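Protein sequences appear in the order of chains A and B. Heads up: the first sequence runs through residues 0 to 427, numbered per numbering that gives the first Met the number 0. Heads up: the second sequence runs through residues 0 to 427, numbered per numbering that gives the first Met the number 0.
Heads up, some of the hints might be wrong.
No copy is singled out in the list; a pair is fine if it fits within one copy or between any two copies.
Computed list of lysine to any residue pairs in SDA-like fashion (alpha-carbon distance at most 25 Å, straight line) [unchecked claim]: (1) Lys102 x Val120; (2) Lys84 x Ser427; (3) Lys149 x Pro68; (4) Lys7 x Leu17; (5) Lys149 x Arg119.
Hints were generated in silico from the structure; no laboratory data involved. The structure presented is a predicted model; accordingly, all values stated were derived computationally and were not measured.
There are 2 protein chains.
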Amino acid sequence: MRRLDSAKAGFEAAFAALLDRAPESSPEVAARSAEIVEAIRLRGDAALVEYTARFDRRTLAGAAELELPKAALKAAWDGLAPELKQALEAAAARIRAYAERQKIAEWSFEDEHGNTLGQRVTALDRAGLYVPGGKAAYPSSVLMNAIPAKVAGVGELVMVTPTPGGEANATVLAAAHLAGVDRVFTIGGAQAVAALAYGTATVPAVDKIFGPGNAYVAAAKRLVFGRVGIDAIAGPSEILVICDGQTDPAWIAMDLFSQAEHDEDAQSILLSPDAAFLDAVQAALDARIAELPRAEIARAALRERGALVRVRDLAEAAALANRVAAEHLELSVAEPEALLPLIRHAGAIFLGRHTPEAFGDYCAGPNHVLPTSRAARFSNPLGVYEFQKRSSLIRCTPSGAKPLAVIAGALADAEGLQAHAASARDRS
Amino acid sequence: MRRLDSAKAGFEAAFAALLDRAPESSPEVAARSAEIVEAIRLRGDAALVEYTARFDRRTLAGAAELELPKAALKAAWDGLAPELKQALEAAAARIRAYAERQKIAEWSFEDEHGNTLGQRVTALDRAGLYVPGGKAAYPSSVLMNAIPAKVAGVGELVMVTPTPGGEANATVLAAAHLAGVDRVFTIGGAQAVAALAYGTATVPAVDKIFGPGNAYVAAAKRLVFGRVGIDAIAGPSEILVICDGQTDPAWIAMDLFSQAEHDEDAQSILLSPDAAFLDAVQAALDARIAELPRAEIARAALRERGALVRVRDLAEAAALANRVAAEHLELSVAEPEALLPLIRHAGAIFLGRHTPEAFGDYCAGPNHVLPTSRAARFSNPLGVYEFQKRSSLIRCTPSGAKPLAVIAGALADAEGLQAHAASARDRS
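One chain only, chain A, in its complex shape (with noise of 0.2 Å):
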């Protein structure tokens, strides 16, 4: 793995490449997926029918097969042995729980005029929700999205995920039956998220849609945003650990192996003041990749993309983290609160030696959708408040009018807008 000495010269230009990883599309799949997304707006179903046949190898009758029924999510889900069951639905009830808290407050107050000034907060009225297929395809994600989106009181969530081949993954169906999704679509690329976007014949338009996919599906999403919302450009997975030194070198190199293993470009770093303990991780990351069936494919992520990283101090690792703005950050200090006032920019914060990374991605009860590639010096973590939306809420009284229609009549003048201005003092 990459060694990097804040303290000697070089360090800047290296760190700073480590992080150039915005999720840009290559004009080529931009264009490619802009040709399917324009398919199904104009032909709808028979598009659709076209490109999943195509791209996932299905002999499709008709569109009406695309629909996976009900009973076959419930049947998933009766056939999980009985651990797997009780895993899901604890990290369900964990996930519930922590989602509860985000709900949207309403309010209002008055000015001192009388009027009355708020704030309302509705659900999405349908969600859907972009599960990938093949070896992506994870049922802690079903979980991680439904959940919120019922905690937020949306009224249809409508799941849609390719099966190559034919082959769903039963476990995904099985979360998708746990977490109450309302209806399932076996497609998936830029026809399905622009089936979610235009509707079809078959596939209900949402209002949103939410789930990572490929370079196709990110490419589609950018394309229909503003038509529908989307949750975000979904980047590959990161690991920012900060260690004193002190936790067992053995455990942070698994946590680092813990993001490394979902793909070749995935990100793991590891900042620590002990040039010993970075020594000692990089022991352990070659001791214990013996234990990882995805070797081949966290060893090309540090390769490619991490880092052991000398620092000054941890006041030092804390500046640098705030620069990466890490989908994960572990604090696996002594006092991880002394440390945390100095972070800024993060997805999810793990505190302490005891809590690893995993744990967020299953159980802990905060969302694993974080931002990526730097996005959380601007975004949020997937929540319930992202199935939610506020609308603006004004009541002026006949009398509390008066006063607002002088400054309204007065700017609107500024700016040249006679309407407005004749609209505001209509009411005093």
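Given the coordinates of chain A, assemble chain B onto it according to the supplied hints.
Relative to the frame of chain A, chain B by itself:
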């Protein structure tokens, strides 16, 4: 103005046609915008000076001339008429009072195992604010964007605004002074968006870009989304009025004009169960258009996009309003609170006959930056919360980690992610 009747044949198609306004970019605009963004990314200040000289017809010796000194903002403020200063100050105070209530709360709780779970909130380090130049340069928009940023505690607020021919809008600069904008650059278009997203030697890179602009600006924002946050893709302004027929038709006419005067693509729709009232409003529109300097714009907007719609009753009006999901919704009825529960989607809701939309544009308190083009189905008014972001907090105790390790281990096994499983079980 177009007349529709929900009880007549052909209504559904005519009404649906009114709603098809989603703001997709044209491919030509998107491609041109992408070129400009790429030039700024690669060549920084040099490209920024070239585009600004060309598009804004300016003679520039270098990029340093693109920044307005703070003294220029102060001078603009000092030069305002006292009545206008007073109106801006009154509006700013009301906008601030409302914004103060929008801050996202921090919270935490302990689970049954002694683990702590929470939500932390921090402000953006640096926000960019795009203010259109020329005729659409509105000081009220500066207040509406800048005040929530300041209430959120944004570290630095950077405004960009084009000055065609070198002419700045003094009232816009004065508003920037009043609202506490930190830096102002006289740049616009896709080149300004790119400069804010990537940074140049002169313009600092920001974390999120706010504010409306033309099609090139919108395309550039869509393009840089992911590298930075963006607020929304702004479309033309809209007003939907539901009236029981008892408000002065002259008032309602002017309310419809108040959006129609913005631009030819603006949309004004009135829903009423009272056909005679719709006639009276049409007569008032004909009579009062003489009051408007921007009559031609308003006339075009009402002709192309407007409608007077007879509905069966107020409940049907509410159902139609939910399909429109208008930026501005007036409930100009005797008992707006009775109608409100039927409304699911609207950016801002104006209750009662004495609450014209124009109050919301200037001084009621709630933000006038609102979702357009049906985006109220899934998005929020601009608010303090858009200048803040959340981080999830997880803090496990040594004993509290054990039950989580069991759940996470089982789920990671099911997903084939052995490093996740091992990392979790290391703590048990």
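Now the hints, each set against the structure:
no. : hint            : result
1   : Lys102 x Val120 : both (9 Å within a copy, 15 Å between copies)
2   : Lys84 x Ser427  : between (65 Å within a copy, 21 Å between copies)
3   : Lys149 x Pro68  : within (20 Å within a copy, 51 Å between copies)
4   : Lys7 x Leu17    : within (16 Å within a copy, 63 Å between copies)
5   : Lys149 x Arg119 : both (19 Å within a copy, 23 Å between copies)
Violation of the numbered hints given earlier is absent; every hint is satisfied by the structure.
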